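Residue numbers (the UniProt record's numbering), protein chains in the order written: chain A, 1 to 325; chain B, 1 to 415; chain C, 1 to 292.
Because the hints were derived from the structure by calculation, they are not lab data. Model, not experiment: these values are computed from the prediction. Be aware that one or more of the hints could be misleading.
[To be verified] Stretches of chain C that chain A covers, calculated by requiring three or more beta carbons in the stretch to come under 8 Å of a beta carbon on chain A:
no.	segment
1	62-76
2	104-113
3	138-146
4	153-161
5	277-284
We put the beta carbon where it would ideally sit given N, CA and C, even for glycine.
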Amino acid sequence: MDTHFAQRRRRDLIMAGCLTVIAALVPLFVKDVYVQNIMVLTLMYAALSQSWNILSGYCGQISLGHALYFGLGAYTTALLFTKFGVLPWFGMLAGGAISAVIAMALGYPCFRLRGHYFVIATIVIAEIALLLIQNWDWAGAALGIDIPVRGDSWLKFQFTRSKLPYFYFALALACIAWLVTWWLEDSKWGYWWRAVKDNPDAAESLGVVVFNSKMGAAAVSAFLVAVGGSFYAQFVSYIDPESVMGFQFSLLMALPAVLGGIGTLWGPVLGAVILIPLTELTRSFVGGSGRGVDLIVYGTLIVLISLALPRGLVSVFSLRKEAAR
Amino acid sequence: MTISRRNVLLGATAAAALGPMAARAQASEVAIGVIYPLSGSSAQIGVDAQRAFETAADIINKNYDFALPLAKGEGLPGLGGAKVKLVFADHQADPQKGRAEAERLITQDKVCAVIGTYQSAVAVTVSQICERYQIPFISADNSSPSLHRRGLKYYFRAAPHDEMFSTAMFDFFDAMKKKGQKIKTLSLFHEDTIFGTDSANSQLKLASERGYKVVADIKYRANSPSLTAEVQQLKAANADVLMPSSYTTDAILLVKTMAELGYKPKNIVAQDAGFSEKATYDAVGDKLEGVISRGSFSLDLAQKRPMVGLINEMYRAKSGKDFNDYSSRQFMGLIVMADAINRAKSTDGEKIREALAATDMPGDVTIMPWKRVKFDEMGQNNFADPVLLQYAAKNFVTIFPEQAAVSEAIWPMNS
Amino acid sequence: MTAETIIQSLASGLLMGLLYGLIAAGLALIFGLMDVVNFAHGEFLMIAMYATFFLFAYFAIDPLLAAPLVAAALFVFGAVVYLLVVRFAVRAKANAGMVQIFSTFGLAIVMRGLAQFFFTPDYRSVTHSWLGGKTVSVAGIYLPEPQLVGALVSVVAFIALYFFIHRTDFGRALEATREDAGAVALVGIDKNKVFALGWGLGAALVGLAGAIMAIFFYVYPDVGASFALIAYVTVALGGFGSVFGAFAGGIIVGLVEATTALILPPSLKSVGIYAVYLLIVFIRPRGLFGSM
């Protein structure tokens, strides 16, 4: 079994490498900025969802409050830049570090909660943070932060028209999130998490170490999501509390993983590749009617996929593989 | 390079071949992007806005005998009678989606101008994108004063912003005081997004400058399930004037809750939004007798300018509603933009920008009580005089400023 | 801050809290029955409010009279939702929790879209009704009649629910099915029928709440969102699996909300609710009266 597992891991890595190369070449052929914009968002959501998946999928701690970390990343970067002139690259690391620390501080009491108690705790914690920022005048309160864009600059990580730098950054972030997940799958933590999932009794004996590994997962997950938030602030160059910290964002982050296959290596990627273009296109080409048709399409799809494929869309592929074998 | 005979000939042939095509292209259509929330919680605004823009496009594209720019004759004469084509996009009140849609309209639909957006947060990102692509943007109905102060070259706003609106309110208070009314204390009641925050900031500033005491400054969460606690504080403060800045949902709940808790404000002077929406008056109109709201539009104007009434009829035929503060500004947004494109005689962004900057439209060829449309160097029209309207006998009447007023203010509102 | 302000705040908070409890009752019942959190709960409320509004607008039926009709309609609706969607969600062989969350969440989006499609996104209100705008004043404390009646309905509904669960055959069948769905099949109880009826009952309770809410609230496609999170917190705070917990949870949420608004700026009043929730579950991870 071990060799089988190792083989699969090697295959995954090769496939990821090939996909990355192909993805990196796409912008050479696709010049339309609208399409490029969708690709950037797709990669960003793939990265976010992959990071969310570490804590919620592998570790089984379903968080619907990850917008908290996303917002922290976005706000830290934007505030450091606009108030103190700190370059976004440092802001990104600072935002990630702050988020990781907060994730552990919150994880300590929250990991004692089970099931829906935990889910609701994550929602209300993110809501509290949203309300506090919305009422914090120094941080722009509801007015948000408008990041001034003055020409193209790698140093300030801002570009007026070109989407390519954002595209490659998002691609890199998605790759990092994927690699971290790939590495975790085969780590001690990965084994414990699987053991706990398969056998609740194992949870008792592994209690303390599993608790610590969950804290670690929360920190890694929060760090990556915060970097995504920093990226978003630079990409959109304007942030306000509702658009980076709202509950909606927490859901959007979870959806690709859920639809693609929660707790799987490829689920978030597959989910994002299908879901994000679909939502963007339905809004652009159906949403203009003002009659909510885009919502009906989008919602129906979520219901159908989650009911028909509880293991996510990746299960379609693995089933075929099983059959072929 | 020397100009050879051959080159000249080639050029002439090319010009001859392209000539009719270019003319045809000109005569056909001019695409203008319109970005509004068409789904989500403020979808109704977007749906009403669509009708307002369609009404304006109708007037431009067909022949009407109104004293409005471009009404007479079909299409834009400056571009060989080209018709205005509106391309709508849905931003769902999300700044990120707003910018993506603006970019799509500019690059795919080749719009030469953009109009939007209702939510000020979305106007921030949409105007940034327009700046980057050098496409003029008219902020038709955003009232956040910070918008035009960001050093953008392609940003224009024909309508007033919150500071102008609030200034009109305080001018009105000063005028009432001169007439012997007692106005000393104010209660501010505002929601916690950009609209309410900006509005309250300018009102706080004006109150301290002009010596009014703010006895309650209540910021509440938009779409709150209950406003009971908030209304209690307003009731306890019982100021001479209650100044709400609320969208429709909260406006309805506020009025209902005030009635339930037995609070009858002495006067309400509202920052528009919910207090100019038909839905609010349908729901709680009986409790709003005498309420004053700022506005940039008044149907009274139809008495002086009959076309206002006729255009309003056209809009009502499409939407089932009268023009309100929002739809009238949206309507004017397209008229001002189309007028500039017409004068630019081009769909080039820079040329339209120059034409917009040179706009000087007298107030009486608009449907608004404005003095004129003329932009300052930041793209703001400072001649857009706001009006104050009072809801009396199920109708809005203009009560301020004096030159636009058709009747005296009923003060206090319940008298 | 005068004593009158404080008493008024607490009284209003209590009334609002009882209403929150009524809104949450259906959620608690459904959860208690089959461990499913209905993420479309807010949209159920929205449908109920629309139903009340249309009965008023087209048939001039007062919301109070409409309440039983709306509850009946929602009963059918709830049962149908169970049979069409939830039945398949609970059968999921993997990631059951996740499938439930997202299938009901997807349903919520569809319901909002449909409401926008059929009813337009415009804001509607019941303009006049028997209770609308009426208020009782006792020693300077104002108690709005719609909320008073809402509170009364809430108390009655919870008492009825208690007797229903503990004293009727159907209630016992519900309990038994919850305990062990496999075993009840042996004694001839159809699990699906019981669950469908449970969902119907839960939805009917939301129907009651919606009819009363429509008297003093506005209706539009997104109206449920404001109440959904409060309902989840209410149920969790009281403890999943306990219908009485939802009742207590509602009262606590209402009172905490009113008290927070006295101390903090009103825009932060939900922070009080959320903080109390966290405090309670950190001390008692199963909520106040939870069994699981």
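inquiry  = If you test the structure against every hint from before, which numbers come out violated?
reply    = 1, 3, 4
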